[in-house]
Amino acid sequence: MTSLLTITDVRRSFGDVTALDGVSLDIREGEFFALLGPSGCGKTTLLRILAGFESPDAGTVTLGADDLTAIPAHRRPVNLMFQSYALFPHLSVEKNVAYGLEREKLGRAEIRERVGEVLDRVGLAGAAKRRPHQLSGGQRQRVALARAIVKRPRLLLLDEPLSALDRKVRAEMQLWLKQLQHEVGITFVVVTHDQEEAMSMADRIAVLNHGRVEQVDTPVALYGAPRTHFVADFIGGNNFFAGTAVPGGLLDGTVLPGLPSVPDTIAEGDAAVLAVRPEQIRIGTGLDDAVLRGTVLDVSFYGGTSRFAVRVADRATPIQVQRQGAPGFVPDQEVDLSWSEAEAVLIQPAASG
Amino acid sequence: MLKKIPFWFAYVFLYVPILVVVVMSVNAGDSPYSWSGFGLGWYAELAHDQEIRTGLVNTLIVAAGSTAIATVLGTMLAVGLARHTRSKVLDAIATLPVILPDIVMAIGLLAFYSLIQLTLGLYSVLLAHAVFGTAAVAAVVRTRLTSADPALEEASRDLGANGLTTFLRITLPTLAPGIVAGALLAFTLSVDEFVIAFFTAGPQSPTLPIVIYSMVRFGVTPEINALATVLLAVTFTAILAVQRLTRLTERR
Amino acid sequence: MKAKLERITLLGPGLGYLTALMVVPLALVLSYTIFQRGRFGGLVYEPTTENFRRAVDPLYLDVLVTSVWIAGVTTLLALLIGYPTAYVIAHLPKRAKTIALVALVLPFWTNFLIRTYAWIVLLSPAGLVNDALTGWGLVDEPLQLLYTKPAIIAGLLYSYLPLMVLPLYASLEKQDGHLLEAAANLGARPARAFWTVTLPLTLPAMLTGCVFVFVPSLGNFVVPELLGGGRTAMVGNLVRDQFLKARDWPFGATLALAVVAMLVVLLLIQAWSGRRLQGSDHA
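Chains as they are written, first to last, in my numbering: chain A, 1 to 353; chain B, 354 to 605; chain C, 606 to 888.
Treat the hints with care, as some may be off.
[Unchecked claim] In silico BS3-like links for lysine-lysine, alpha-carbon gap of 30 Å or less:
#1 Lys-699(C) - Lys-357(B)
#2 Lys-356(B) - Lys-779(C)
#3 Lys-129(A) - Lys-178(A)
[What the hints assert, rightly or not] Heads up, incomplete: computed chain B residues facing chain C, CB under 10 Å, no partners named:
#4 Ile-422
#5 Leu-430
#6 Ala-447
#7 Leu-449
#8 Leu-463
#9 Tyr-466
#10 Ala-483
#11 Glu-546
#12 Leu-561
[Stated by the list, open to error] Just a sample of chain C residues kept apart from chain B, beta carbon distances all over 10 Å, derived:
#13 Val-670
#14 Leu-777
#15 Lys-779
#16 Gln-780
If you are wondering where the hints come from, they were derived from the structure by calculation, not from laboratory data.
Note that the structure is a prediction, hence the values are computed from the model and not measured.
For each residue, glycine too, the CB sits at the ideal point set by N, CA and C.
The following block holds chain A by itself, in its conformation from the complex:
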């Protein structure tokens, strides 16, 4: 696949605060890409650099063959869907959508045609004459999206696209956005702090923390083979154990089975962390391959799944376990916990600080 956007060693600080500390990324043509991280991780700064509202202190950004940083914001073939939508309150829906096309000095007929077409696509043809304040949150979002895609940008940026919507509309929108991206074939870059949003929509995700890229991978790989402690902790639930790497696992009083997420990064005898997901742990009584033994502390039932907190002797934090269906165990019950080497990952401990 050809790469569309290349970000190389981009840095940006505001006074003493380093927002981006050498970020390099490669985003491919036609991809649905997500920048994921907690607030303050630098994702918004990166987005603003791509849109042209900020410039990097160092580093390069190229789109295709062009140096993007040399182009002023209003000439970039990059459009942004703002988190607040930033719809023009004094303009009707169709005028909002036509705004960008009018700047391209297109003919009236063509503008009308393209606006009609895109409003059809987002299902707002009937609301063309309305003002933004007469629309629901979901409708406003679709206007914002229509306004951005009608320009047929090479790159579409979406800033926390679902954060302002309530739960039910979110799920709908999530699916719809993905379909839309498929239909229009524009490269999407979503910025979000919500891992669920990123995981469910994106082809690939870059996890950012403290202005650095922690890992770039597909959702499945991020989840199954986190490379850093931060990624393992940020995405999904995890149980962590600290100790020394041994063949096939981690020595921590007992040997806990697990394999390095990245082969050859951890040698025998190195300090390491073992991460095992709650749903990878089997819970039962009298298991042959029990890794740990403990007492059920708490049971909660979530409909489809049940979760347990299990206290294991000599360990400060209880171990989180999840399984399908009804609980089947009660508090104070003695249980065995087990998992295999392939179900847990060994990662390097987080760098101090």
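Guided by the hints, dock chains B and C onto chain A, whose structure is given.
Same frame as chain A, but now just chains B and C:
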């Protein structure tokens, strides 16, 4: 930089006339326009001007009296409008004095006073000034009320306090900064007001603006420069003090 | 029942006061417009349309038109100077912004007559402006600056300029910065973004400022008298003279009604423009 030209022009435009007046006030010569050396003679003249002293006393009486009425009526009105009605008409009545041209209010009051055969004096000005004073206090207190939490009053009632106790112990203390600001505004507006006073004051009770008006009209003397400078100094100090005060109370 | 009592206690005195000393006087002025002037001043309660007929007599109509023209030019100048000023203030850093705002309103709080007086000092034949002009050799003789229409306009502008800047500043200040970024993102150059986004969104504030400047300018009689020297009478002077000199109250009331009518029209336009943006932050 070019874009800032109107900005700088605006400030030069606003301050040059004031500066000229201030500089000319310490002019030794007889001309209010042309400089002939430093002297404080006109301030001495000002200090002995009986007319100005009468005007000043009248103005302070009118301002104090109208502010007292306006503060009580305006505060009650603000609470009543914010908490007890949604009527647009009542709203309009309370804001009308702010937007109505002063000359229209002045002739209306003159007509009204003559209809009820009230002899014009100082109190007729005082009552007239209380009208826009009330509107000013009500407006300022209302902005304070909208930012106050009505749950405070509800909590007080819930804890067994009656309407009066709630008003005195909860509503008023919460509104105190707004009431003070409103009263200051009403006072300043009254001190400065000319047109309504001109129409409704009795011939024996001119306020300071009326005295200034007749001085300016019947010949420009450097004494006005001195008077203007004193007034400028008083207002500037007052405004800056209020500014400082509100900053302090907001920080708390 | 108790709530009703409370409502009456709180609203009654204030509204009663405003009704007695504002609503009733206004109604009086309005009713006077259809009555006749008595022989020795006073009123004769016989309906007539004579006052309105007189008001459109070329003699008085001319004054009305001149007043509207002067107030209009003042308003236009206030807008042309005030908008960029408000724009610059709104974009200053926080501390400088506070200083600029205080500096803007300070002269406004000084006595209105003193402010007008300052212009007599500036514009008189021996005043600073003429001194400068002759000093630099731009003119040989002092110019007649005082007692002209431009002098009236300068005086009115001086008095009411802050009333234009303040609403514009408030509107510009609360404008969502993302809207301009959105405009840039959609391909608008900064100048284009200003004309298509900032300007339309500040239209209600512009109209508010215009009302604030136009209405008091129109009804003013002090500035035309002191800076216009009575040569250029405005409608405010006519009203004043009808009430205090000619003692023709019905006709004075009719002229005042013209001022009120213009105020109402302007307020309606302003309300309409605000409603167009309803639901936005700029309503």
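Tested hints:
no.: 1; hint: Lys-699(C) - Lys-357(B); result: 17 Å, holds
no.: 2; hint: Lys-356(B) - Lys-779(C); result: 21 Å, holds
no.: 3; hint: Lys-129(A) - Lys-178(A); result: 27 Å, holds
no.: 4; hint: Ile-422; result: 8 Å, holds
no.: 5; hint: Leu-430; result: 3 Å, holds
no.: 6; hint: Ala-447; result: 7 Å, holds
no.: 7; hint: Leu-449; result: 6 Å, holds
no.: 8; hint: Leu-463; result: 6 Å, holds
no.: 9; hint: Tyr-466; result: 9 Å, holds
no.: 10; hint: Ala-483; result: 7 Å, holds
no.: 11; hint: Glu-546; result: 8 Å, holds
no.: 12; hint: Leu-561; result: 8 Å, holds
no.: 13; hint: Val-670; result: 18 Å, holds
no.: 14; hint: Leu-777; result: 13 Å, holds
no.: 15; hint: Lys-779; result: 15 Å, holds
no.: 16; hint: Gln-780; result: 17 Å, holds
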